[in-house]
Amino acid sequence: MIIIDCLYFYRLLELESSGQKSEVRLHFQTKGQQTYTEIFPYMLADDQWHKVSVSISASHVALYVDCN
Numbered sequence: 077m078i079i080i081d082c083l084y085f086y087r088l089l090e091l092e093s094s095g096q097k098s099e100v101r102l103h104f105q106t107k108g109q110q111t112y113t114e115i116f117p118y119m120l121a122d123d124q125w126h127k128v129s130v131s132i133s134a135s136h137v138a139l140y141v142d143c144n
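Sequential numbering from 77 applies to the sequence shown in my numbering.
Just so you know, these hints were derived from the structure itself, not from any lab.
Possibly wrong hints are sitting among the right ones.
[As the list claims (entries may be wrong)] Pairwise CB distance ranges, derived in the manner of DEER restraints:
id	residue 1	residue 2	range
1	N144	G108	29 to 37 Å
2	K97	Q124	12 to 20 Å
3	R101	D123	19 to 27 Å
4	Q109	N144	30 to 38 Å
5	A134	G95	30 to 38 Å
6	N144	K107	27 to 35 Å
7	S94	A138	16 to 24 Å
8	Y140	G95	17 to 25 Å
9	C143	K107	27 to 35 Å
10	D123	N144	13 to 21 Å
11	K127	E99	16 to 24 Å
12	W125	L89	15 to 23 Å
13	D142	G108	30 to 38 Å
14	S135	G95	24 to 32 Å
Where a beta carbon is used, it is the ideal one built from N, C-alpha and C, also for glycine.
With the hints as constraints, model all of the structure from the sequences given.
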């Protein structure tokens with residue numbers, strides 16, 4: 077699990093992998109402090125290392141695993 081916090085311990089961004097559900101969940105908070113969750117059907121719990129990146133814009137959220 078990766079969590080990025082600001083100075084006052086509000087969760088701004090969290091990337092969570094669930095091996096039981098074979099999904100990756102992205103929790104993020106907007107400037108107005110509204111929290112959103114995006115769920116991606118992807119299995120990361122496979123005993124392999126992975127490169128993960130997330131792109132967030134005003135209208136899209138994308139998850140890239142191993143450059144794909």
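How the hints compare with the structure:
1. Look at N144 against G108: about 33 Å separates their beta carbons, and that is inside 29 to 37 Å.
2. Here the CB-CB span from K97 to Q124 is close to 18 Å, well matched to the stated 12 to 20 Å.
3. A hinted range of 19 to 27 Å for the beta carbons of R101 and D123 is consistent with their spacing of about 20 Å.
4. The beta-carbon spacing between Q109 and N144, approximately 33 Å, falls within the hinted interval of 30 to 38 Å.
5. Between A134 and G95 the Cβ separation comes to about 32 Å, which falls inside the hinted range of 30 to 38 Å.
6. A beta carbon spacing of about 30 Å between N144 and K107 agrees with the range 27 to 35 Å that was offered as a hint.
7. As the Cβ distance of S94 to A138 is approximately 19 Å, the hint placing it in 16 to 24 Å holds.
8. Between Y140 and G95 the CB atoms are about 19 Å apart, so this pair conforms to the stated range of 17 to 25 Å.
9. Our hint of 27 to 35 Å for C143 and K107 holds, since their Cβ atoms are close to 30 Å apart.
10. The hint said 13 to 21 Å for the Cβ distance between D123 and N144, and at roughly 19 Å that hint holds.
11. As the Cβ distance of K127 to E99 is approximately 18 Å, the hint placing it in 16 to 24 Å holds.
12. The given range of 15 to 23 Å is respected by W125 and L89, whose C-beta atoms sit roughly 21 Å from each other.
13. Remark: the range hint 30 to 38 Å for D142 to G108 is upheld by a beta-carbon distance near 34 Å.
14. Checked against the given bound of 24 to 32 Å, the beta carbons of S135 and G95, roughly 30 Å apart, stay inside it.
Hint check: no violations occur; every hint is consistent with the structure.
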